[in-house]
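Asker: Work the whole structure out from these sequences, hints included.
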Amino acid sequence: MKINPKAAQPMLQDQLIRDTRMGKDSASVREKASTHQMKEAAQVNVSDRARQIQKATELAKQDNVDEAKIARLQKMIDGGDYKIDADQIADKLVNEHLMTSSS
Numbered sequence: 001m002k003i004n005p006k007a008a009q010p011m012l013q014d015q016l017i018r019d020t021r022m023g024k025d026s027a028s029v030r031e032k033a034s035t036h037q038m039k040e041a042a043q044v045n046v047s048d049r050a051r052q053i054q055k056a057t058e059l060a061k062q063d064n065v066d067e068a069k070i071a072r073l074q075k076m077i078d079g080g081d082y083k084i085d086a087d088q089i090a091d092k093l094v095n096e097h098l099m100t101s102s103s
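When you number the sequence shown by our numbering, it's gap-free, plus one each residue, and the end is 103.
Since the hints were derived computationally from the structure, they do not count as laboratory data.
Backbone N, C-alpha and C define an ideal beta-carbon position, used for all residues, glycine too.
Don't take every hint at face value.
In the PhoX-like style, the derived pairs of lysine-lysine whose C-alpha atoms are separated by at most 25 Å in a straight line are [claimed, not checked]:
1. Lys69 / Lys83
2. Lys92 / Lys55
3. Lys55 / Lys75
Here are the simulated distance ranges between beta carbons [claimed, not checked]:
4. Arg21 / Arg49: 43 to 49 Å
5. Thr100 / Ile77: 27 to 33 Å
6. Gly80 / Asp48: 42 to 48 Å
7. Asn95 / Val65: 22 to 28 Å
8. Gln62 / Val94: 25 to 31 Å
9. Ala90 / Leu59: 22 to 28 Å
10. Lys83 / Val46: 29 to 35 Å
11. Asp81 / Thr57: 32 to 38 Å
12. Met76 / Ser47: 38 to 44 Å
13. Leu98 / Asp14: 51 to 57 Å
Answerer: Encoded structure:
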């Protein structure tokens, strides 16, 4: 996330000039203008990575857990019947990487 305080500088200068011409104390004018206008002029840029994290968080909050599948897999793991196919896992990892890096 980036905040751009430079965008407020022209507005601050204009306000300072107007208030100084009206006889107001320049220090208090500068402080008031600074806090008020900096809030209005700040720009927030959210990175693509932050958007991905937000989307993943939203997906993780969804309650679509297959409890029966988890119980079945846990039983297989505990019984020593769950076999891992390393080639199949590697293929899926490579395919997933290719799909995410191309988009």
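Asker: Hint by hint, which ones does this structure get wrong, listed from lowest number up?
Answerer: 3 and 10
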